[in-house]
Amino acid sequence: MAEEEVKFRVSIDGIPVDVAPGTTILNAARQIGGDIVPPAMCYYSKLEGSGGKCRTCLVKVSKGSEKDPRPMPKLVASCRTTVMDGMEVENITSPDVVSARKAVVEMLLINHPLDCPICDQAGECKLQDLGYEHGEEQARYEFARRTFEPIDIGDKIQLHMNRCILCYRCVYVANQLTNQREHGILYRGDHSEISTYIENALETDFIGNVIDVCPVGALTDKTFRFKNRVWFTKPVDAHRDCPTCSGKVTLWYKGADVLRVTGRKDEFGEVDEFICDTCRFDRKQTSDWKLEEPTPVEKYSVIGSNHYPEFNPPAVIKEDKKLQTANKEQFARTEKLK
Amino acid sequence: MGRTLLLTHINVPGIQGFEVYRQTGGYRSVEKALKTMSPDDVVEEVKKSGLRGRGGAGFPTGMKWSFLAKPEGVARYLVCNADESEPGTFKDRYLMTHIPHALIEGMIVSSFALGAKTSYIYVRGEMMPQIRILEKAIAEAKNAGFLGDNILGTGYSLEIYVQPGGGAYICGEETALLESLEGKRGNPRIKPPFPAVAGLYGCPTVVNNVESIAATVPIINDGGEEYAKIGIERSTGTKLISAGGNVKRPGVYEIELGVPVEEFIYSDEYCGGIANGKKLKAVVAGGSSVPILPANLILKTASGAPRLMTYESLADGGFQTGTMMGSGGFIAFDEDQCVVRNTWNFTRFYRHESCGQCSPCREGTGWMEKILYKIEHGLGTQSDIDLLWDVQKNIEGNTICPLGDAAAWPVAAAIRHFRDEFEWHIQNPSESQTRNFGLAHYADPLVQTVD
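Protein chains in written order, with the working numbering: chain A, 1 to 338; chain B, 1 to 451.
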């Protein structure tokens, strides 16, 4: 008789899901998908040990398990708490969680420079999304924001420590993907910073992945710096035979130019496979790549706004000649898509 | 005079050395435990004694020990947390300086109970003299056959190592301590797993405070039941209290749990009253992170019963009108002290000591410090008090380790009980720079009756 697979039944915001034992609440929620997935700024499923730090994914466990139905006394980090059979979790249905998340977002933003207009990450920034979804309209912080001395970590990667939210993801990348760890956290508390060992350049084969894992604009691609806004570029999946990595990437086109190469990201912003620095920084010709298809992007994301240009004109435009002329471009683009 | 168990021989000349300590009855518990008891018997005695962790949380030590996972073929560790850095607390340093062998003896007994073959004493980096004292004590004990291979011919072997920390407050949190002990950055781990399952080097580990470990010595010598006779209800035994602030006789006192707070402050046996004939304004009863209480609430609970030095009585009334035993750092403030300034000072400490790992604590401690700086320096506005209240509420409970709570509680309590002093600071910005608020309505009830 085949051994039956044990599944734990948990309910998140009243939606039941069966997951394997050892799954975290966050991953169980991701299996359901939709609104009830807690945001995660520091957790990265491909990086061992990540998570638990940013506290944006806090949820309330209103029933511990079938055996021990006591609720957990505090809000727990869903990315690091494993499910129990019969667990009941409240995320967006719990006012406590919503207010705690608001509080955490506020804390993350008080020292963030909010220089989105000049930040390359804008448009694909997790902190931006989080701010829009959970942030307050008005800042209550009136003091000077924290700043750091800029340090140069090489000609490929730009470190903007002022924007960092200290998620530690890049430290885990450096620990787990590269053969030598070149950077880490210095100091502690609100003056802690990501830094390299005596201002060394980061120069290992896979260190470029710190750009992909960074949820904010603290680590960005110097070869793409100030070249374009991400929402003006079009992502296309492509691959090549790479001796060091899988070679499966997303190319970001502006016209016929490849402006940037990144790993392929899933709906939670995590790359499917880490790519090597050669693919990322040194192969920026279409001829280097075999193109696959346009990368699916979320329709209502910032990037998506430029990629779903179907124009559904309201009735008033259809009737008025003048307005039709005014919207000529939109009509033409919609025609082209057909 | 109350009974003392830990500091009984503190005044014997030469008690620091092995010979004198042995003559005063030292290391009896090792002989008794190793020769006549099984490890489980020792755990059982400690359970019977009702000893509660002396580091701050007050978790029953025996129960903590019984949670230790015991898989076959995996090493187990006992780690002594001597990273005493709570502002106001200095009892462990005192114990280690004067009677180091009490700790070593307790370490041997506890390690035996837990089946640990290697134990560590993680001492705060600033305590270099104490580290040398402990190392000397370990060498002496080893010489006498109480440490090393085959202790007293019983077949039990134990090595104790002293590890200096880097002087970070956060390394007093048990999982940060283990990280630091492993040679990593002292960031608290995310629990679970708890150290009892996966602690030092991934092995089951028990982390105990210096005083808890030292307290196992009298428990084994006299039996757990005898120990449990001291104290009241679930607060058994004796506790070292480090009294500081504006008391006449600051210092480390060993009290039987259950002594009234009033007696502790005013009796000549202990603090001897408030210095310079001043009146008591407020008390921080258990180290900087526990809520501050005004004089009327520290001497009597909200229901009017006298407040006692026990875990339960100090916590009576929750955080609304109560406080916590904490680590026993008893700080008294007289009428001349400024609660706002003190709160700012505490917050400055927590801002400096936050590890920076999780966002509410990293950003929130800095924010609170800045707001309090503003208020203290006459630059505050009324809305700052509410903002401060909000910020502390947003930190509390949302962090990985208790440092966030520890930073939030003193601020919350200061606003809760001394809001008018904050308001006075804001309304009188220039006057608040030259004089302090004084006693106001939370006057010292005792002194008032005398007046």
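Honestly, the hints are just simulated from the structure, not real lab data. Hints should not be assumed to be uniformly reliable.
[Claimed, not checked] Derived Cβ-Cβ restraints for the label pairs, each shown as a range: (1) A:E136 with B:E72: 50 to 58 Å; (2) A:P21 with B:P429: 16 to 24 Å; (3) B:P306 with A:R140: 52 to 60 Å.
[What the hints assert, rightly or not] Under the rule of at most 25 Å between Cα atoms (straight-line distance), these lysine to aspartate or glutamate pairs were calculated in the DMTMM-like manner: (4) B:K184 with A:E182; (5) B:K70 with B:E182; (6) A:K74 with B:E269; (7) B:K184 with A:E66; (8) A:K234 with A:E182.
The C-beta atom is built at its ideal place from N, Cα and C for all residues, glycine as well.
Contradicted hints - numbers only: 2, 3, 6, 7 and 8
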